[in-house]
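Spelled out from the first residue to the last, the chains are:
2 protein chains.
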Amino acid sequence: MKEWNEIKLFIYYNIDVIFKVMRVSKEIKVGSVILGNGNPILIQSMCNTNTSDIESTVEQIKSLKSIKDRINIPLIADIHFDYRLALLAVENGADCIRINPGNLGGIEKSKIVTDACKSNSVAMRIGVNSGSLEKEILKSDGINAESLCKSALYNSRMVESFGFDNFKVSMKSSSVMMTIQAYRLFAKETDYPLHVGVTEAGTLFAGTIKSSIGIGSLLADSIGDTFRVSITGDPLEEVRIAYQILASLDIRRTGVEIISCPTCGRTDINLIGLAETVEKLVSKSTSVVTIAVMGCVVNGPGEAREADYGIAGGSGVGIIFRKGEIVKKVKEDELLAYFTEILKTDNII
Amino acid sequence: MKEWNEIKLFIYYNIDVIFKVMRVSKEIKVGSVILGNGNPILIQSMCNTNTSDIESTVEQIKSLKSIKDRINIPLIADIHFDYRLALLAVENGADCIRINPGNLGGIEKSKIVTDACKSNSVAMRIGVNSGSLEKEILKSDGINAESLCKSALYNSRMVESFGFDNFKVSMKSSSVMMTIQAYRLFAKETDYPLHVGVTEAGTLFAGTIKSSIGIGSLLADSIGDTFRVSITGDPLEEVRIAYQILASLDIRRTGVEIISCPTCGRTDINLIGLAETVEKLVSKSTSVVTIAVMGCVVNGPGEAREADYGIAGGSGVGIIFRKGEIVKKVKEDELLAYFTEILKTDNII
Chain A
426 MKEWNEIKLF IYYNIDVIFK VMRVSKEIKV GSVILGNGNP ILIQSMCNTN
476 TSDIESTVEQ IKSLKSIKDR INIPLIADIH FDYRLALLAV ENGADCIRIN
526 PGNLGGIEKS KIVTDACKSN SVAMRIGVNS GSLEKEILKS DGINAESLCK
576 SALYNSRMVE SFGFDNFKVS MKSSSVMMTI QAYRLFAKET DYPLHVGVTE
626 AGTLFAGTIK SSIGIGSLLA DSIGDTFRVS ITGDPLEEVR IAYQILASLD
676 IRRTGVEIIS CPTCGRTDIN LIGLAETVEK LVSKSTSVVT IAVMGCVVNG
726 PGEAREADYG IAGGSGVGII FRKGEIVKKV KEDELLAYFT EILKTDNII
Chain B
426 MKEWNEIKLF IYYNIDVIFK VMRVSKEIKV GSVILGNGNP ILIQSMCNTN
476 TSDIESTVEQ IKSLKSIKDR INIPLIADIH FDYRLALLAV ENGADCIRIN
526 PGNLGGIEKS KIVTDACKSN SVAMRIGVNS GSLEKEILKS DGINAESLCK
576 SALYNSRMVE SFGFDNFKVS MKSSSVMMTI QAYRLFAKET DYPLHVGVTE
626 AGTLFAGTIK SSIGIGSLLA DSIGDTFRVS ITGDPLEEVR IAYQILASLD
676 IRRTGVEIIS CPTCGRTDIN LIGLAETVEK LVSKSTSVVT IAVMGCVVNG
726 PGEAREADYG IAGGSGVGII FRKGEIVKKV KEDELLAYFT EILKTDNII
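Residue numbers (the numbering used here), protein chains in the order written: chain A, 426 to 774; chain B, 426 to 774.
By construction, these hints were calculated from the structure, which means they are not laboratory data. Among these hints, one or two may not hold up.
One copy or two, it doesn't matter: identical chains are merged, so the pair holds either way.
[What the hints assert, rightly or not] In the EDC-like style, the derived pairs of lysine to aspartate or glutamate whose C-alpha atoms are separated by at most 16 Å in a straight line are:
| # | residue 1 | residue 2 |
| --- | --- | --- |
| 1 | Lys756 | Glu701 |
| 2 | Lys564 | Asp675 |
| 3 | Lys564 | Glu731 |
| 4 | Lys756 | Asp733 |
| 5 | Lys543 | Glu571 |
| 6 | Lys560 | Glu731 |
Here the structure is a predicted model, which means the values were calculated and not measured.
Here chain A stands alone, though its shape is the one from the complex (with noise of 0.2 Å):
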């Protein structure tokens, strides 16, 4: 029988196996954020206030302003059809207008709009959607991640052909596949920063776990500066995905991760309470480390010598972990009492 060094293991360890395109982009400027280049990624929302009449629209792009005065994150106007309305976000205080020159209405009136946001430091999002390309393409290519990506290649490139280049690009679809790959063509081809998202994601299920596809898949290849959840839903919760989203990657956390085994045959203590009482126990703390809490002895210690702080149960014991070293072990009834203990003790909580 064979013994543990005589089995030949051979890893041909390239970096290209693991990331497709370990992808540097172009630094950008949103108001008084940096974006692009390594900067921290940004994470964004949208308002559903009502702009569908012109006048309250103007009224409410006006207002930007007065908005503008009381926040201190960026605030990006999305326009669509009328260049107008566009011109008029830059001028009021937008920090950036997110246009897609295809349904601007032509190349002139594109120009008119690039030239005034770089006359007043005006960042650009160019964002492309499958379900408005450009007649040309959309006759020519049809909707695949290729037209979407030739769009957004075009509209970067005319819109540089101006003399701009603080603008960031996406290129959405509802086809999760399909924004996967338009994606990684254009990052391929270029280095402008990108938003990245899935578009009409659908409702908070759905759109959890397509968004979740999607924008997860492409920041694990480190495409993408900045992105959007969308869901048909509470804009609150596409912030509280965008941050899990961050946090599952291990590219951002702002909190606790609590790590918790599955249900499964072995497990005999109340897990999915245990569980739900912890997160509810840490859901304030700003403390960024992880916590395992395990139902058995297979993963259990394994697992929670990876986390910063662990508890295990079954068979009526507890173990609680810091570290990777057990610190206690006690009465499995005494478990949650313990553990809080050492939390406060910590300051985590």
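We have chain A already, so just place chain B on it with the hints.
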């Protein structure tokens, strides 16, 4: 100003840019189903009945036989530590056993179990976890994607050296990035079929997002022949999420997919309500169609064109699309009633 045709577009379309690994795995047989080699990707979940004491575990494994007689999906026994339980599972009709040779007590015991699988035509999952790596690997490499891959390679080659190859492989970690990287490395090295998943993914909210990113980004690269979503929660939720992951990537759909836009300033109908009503309306339909529910005229018609059916509302008017064509313009408050009629006529509901 440059014209459309003057701006040169070069897209070096390269399948490698889109798919890191166009992976074709070997075929294996698990009970009545064939897995790998482009066969339909299988979804798994896990029972959470109590197996914590030996007596009742042995009883449960013996009861596999009577469970097997009453179900027609493959039944897999997940065995740790005690190779004799693995043997009992094989003898009592499990279609597949999942073992982690690293915790089964050495090479000799792994060989006994492998031989039993071979003579009983039982499949095997070699399931490596970051929480239970071999001591030698842990010591020399620590816990990372490479050591996970190394452990999986070591165990796969060991089992193969016993003259057995009806197995699939998993390398799970609670770190999504580590999971993705380990599978990418392993997929490049071998053609063994893969069971993918993120372990200890956490509560329903975090677990849905972590599993979607990890499993979804691997499946998007055609890595994975079967998978399990694991969450600390009801196993039925695991299956629901799993189906949505497959649907999101257009791999397999089991019913209607709703595409709905996020609410934004352009929306002037109750879109969240409308999307949820349509979702309920078609929830039991087995028709594999997409329905776009759009709240405005910007992306509405374009996205609706891609969908099999679409409704877009705004400014008191509702439009119903079928296969990209407008079939009806109605008053907004009659939209749902007319749309329901059309779905009934077409036998969708």
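Against the structure, the hints:
In this homomeric assembly, Lys756 and Glu701 never come within 16 Å of each other (Cα to Cα): the closest approach is 20 Å inside a single copy and 46 Å across copies. Proximity of Lys564 to Asp675 under the C-alpha cut-off of 16 Å is found in neither arrangement, the shortest distances being 42 Å within a copy and 24 Å between copies. For a Cα distance limit of 16 Å, the shortest separation of Lys564 from Glu731 across copies, 14 Å, qualifies, whereas the shortest one inside one copy, 54 Å, does not. When the C-alpha separation of Lys756 and Asp733 is checked against a cutoff of 16 Å, the pair qualifies neither within a copy, at 21 Å, nor between copies, at 58 Å.
Taking the shortest alpha-carbon separations for Lys543 and Glu571, neither the intra-copy value of 29 Å nor the inter-copy value of 47 Å comes in at or below 16 Å. In this assembly of identical chains, Lys560 and Glu731 lie within 16 Å of each other by CA distance solely across copies; the values are 15 Å between and 53 Å within a copy.
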